[in-house]
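Novice: Take these sequences, add in the hints, and give me the full structure.
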Amino acid sequence: MAKVEIALDAELVVEVMVLAGIGNPRDAVEAVVRDYVARGHRTEARTGETAERLREIETEPKVEEG
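Here this note's numbering = 1-based position in the sequence shown + 5.
Treat the hints loosely; a few may be bogus.
[Claimed, not checked] Simulated restraints, written as ranges between beta carbons of each label pair:
hint	residue 1	residue 2	range
1	Ala43	Val9	15 to 21 angstroms
2	Asp14	Glu49	25 to 31 angstroms
3	Arg39	Asp14	16 to 22 angstroms
4	Glu69	Glu10	46 to 52 angstroms
5	Gly45	Val9	14 to 20 angstroms
6	Glu70	Val23	51 to 57 angstroms
7	Ala15	Arg39	20 to 26 angstroms
To be clear, the hints were calculated from the coordinates, so they are not data collected in a lab. Just so it is clear, CB atoms sit at the ideal spot from N, CA and C, and this is done for glycine as well.
Specialist: Given below as structure tokens:
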């Protein structure tokens, strides 16, 4: 897997570490990102609204009534 290096505000990282209960800054941020992605997948699974389906909805012609 490719690695990416980013700079984050130290206070933000410390807050993530405290909330996640993880002592290593890299592991704490990775855990939060993985949780965010997993929540997105669970939401897609529940609603059936994938990014591909949303693109289809946006491109479908709108029917005007009246």
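Novice: Each hint should be assessed against the structure and marked as holding or not.
Specialist: Structure-based check of each hint:
{"no.": "1", "hint": "Ala43 <-> Val9: 15 to 21 angstroms", "in the structure": "holds, 19 angstroms"}
{"no.": "2", "hint": "Asp14 <-> Glu49: 25 to 31 angstroms", "in the structure": "holds, 30 angstroms"}
{"no.": "3", "hint": "Arg39 <-> Asp14: 16 to 22 angstroms", "in the structure": "holds, 20 angstroms"}
{"no.": "4", "hint": "Glu69 <-> Glu10: 46 to 52 angstroms", "in the structure": "holds, 51 angstroms"}
{"no.": "5", "hint": "Gly45 <-> Val9: 14 to 20 angstroms", "in the structure": "holds, 19 angstroms"}
{"no.": "6", "hint": "Glu70 <-> Val23: 51 to 57 angstroms", "in the structure": "holds, 54 angstroms"}
{"no.": "7", "hint": "Ala15 <-> Arg39: 20 to 26 angstroms", "in the structure": "holds, 21 angstroms"}
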